[in-house]
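Colleague: Residue numbers (full-length UniProt numbering), protein chains in the order written: chain A, 1 to 211; chain B, 1 to 211.
Bear in mind the hints are in silico, worked out from the structure with no lab data behind them.
Careful: at least some of the hints might be erroneous.
The list treats identical chains as one, so a pair stands whether inside a single copy or across any two.
As the list claims (entries may be wrong) - In silico DSSO-like cross-links for lysine-lysine, where the CA-CA straight-line distance does not exceed 27 Å:
1. K39 with K108
2. K179 with K56
3. K55 with K179
4. K108 with K179
5. K55 with K108
6. K39 with K56
7. K31 with K55
8. K55 with K39
9. K56 with K31
Number of protein chains: 2
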Amino acid sequence: MTLAAEHLEVDMRERVLVVAERLFREIGYQKTTVADIAKVMRMSPANVYRFFDSKKAIHEGVARRLMGEVETAAETIVRRAEPATQRLRDLLTTIHRMNAERYVGDAKLHEMVAIAMEQSWDVCVAHFERITGMIGAVIADGKSGGEFNAPDVPLAATCTCTAMIHFFHPQLIAHVDEKPGPTIDQMIDFVLAALAPRSAPTPASPPANQR
Amino acid sequence: MTLAAEHLEVDMRERVLVVAERLFREIGYQKTTVADIAKVMRMSPANVYRFFDSKKAIHEGVARRLMGEVETAAETIVRRAEPATQRLRDLLTTIHRMNAERYVGDAKLHEMVAIAMEQSWDVCVAHFERITGMIGAVIADGKSGGEFNAPDVPLAATCTCTAMIHFFHPQLIAHVDEKPGPTIDQMIDFVLAALAPRSAPTPASPPANQR
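Just chain A, same shape as in the assembly (with noise of 0.2 Å):
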């Protein structure tokens, strides 16, 4: 294949995943078929099979992409010349900001999803672990400084990430604000105590009253 015809492919399948998402969110994923995706994109149904072999493959395609904005956005914070204890709160309130954007009060968004975590796991599980990782670098950042104490990096991320799955959750999510609990701002202060330094004092940590 040549450049032009990869990226030719690479922008078809684009405006199909597009096209889908806009559809999924109007109609429903149950109820959009290939030939409604072709229809709008003005081509046969065989054309739009020459991209994606399945409406199963276009609706990972599109959960992907969804997942995909969040995971742009996260790693933008992680990447911030900022304290760790910051971007780990700007991190989490984020994701959980994107995620309710995308999963509250849309029905038909919210069958997607439901969906996806049956039907494509492996993407689902792809998307935590790379959430996880970022959770984790920062995490990571944040001992090297002496602002957390984590001896054990990735189960400290994944502890994080499962204490904060009722703000991040999709179908936890559109239920955060009429089920009793925290605020996403106590929750997050919880976690960071519990990666706080500890009390017991080591060679490397500074005095108590200078923490």
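Following the hints, position chain B against chain A.
Modeller: Frame of chain A, contents of chain B only:
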């Protein structure tokens, strides 16, 4: 109503709930009718309606019973003469274990829970509040004994509950083993770290080497 009549009524209500729970488990909530319950009890549906005015009321009674068993087990742990840290660990583990026993691998009971969360939200909220209250009681003990740092006990209790939701929630618990994430022991360690005494010394705290 005489005392004997009252006892009889309590007993009959209990018997209806036991039969209903069995049928909900065997044939599912949706498919079970009040007539089915009456038939097993060899009485008329009208007689069942003397004790519960709707199928929904029976369903709520069954849900309260299932949740009540967890609350009773939790209360026993709260009252033990043991360090708060040990009691909190046992409490969180027991809630997870009992919820898992109730709701994992039992699709029919799972259906019942989903319906309870949709239609009898107040019953669920009352259960959360009792469980959170018990967690709070143990945290308060640990705070006064110097085991925990928790300036706001109800807030610490609701954060603890929220952090554990992955292990408590009937609809998440079923997937605990498939999903990447910490074990329950690791998660409890993380929560205990969030409740651990802070590093800044106060006159009331014992020296760091005694903690």
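Colleague: For each hint, tell me whether it holds in the structure or not.
Modeller: Here's how the hints hold up against the structure:
no. : hint           : in the structure
1   : K39 with K108  : within (20 Å within a copy, 42 Å between copies)
2   : K179 with K56  : between (33 Å within a copy, 22 Å between copies)
3   : K55 with K179  : between (35 Å within a copy, 25 Å between copies)
4   : K108 with K179 : both (22 Å within a copy, 25 Å between copies)
5   : K55 with K108  : within (16 Å within a copy, 31 Å between copies)
6   : K39 with K56   : within (18 Å within a copy, 47 Å between copies)
7   : K31 with K55   : within (11 Å within a copy, 34 Å between copies)
8   : K55 with K39   : within (15 Å within a copy, 48 Å between copies)
9   : K56 with K31   : within (13 Å within a copy, 33 Å between copies)
Comparing the model with each numbered hint stated earlier shows that all of them hold.
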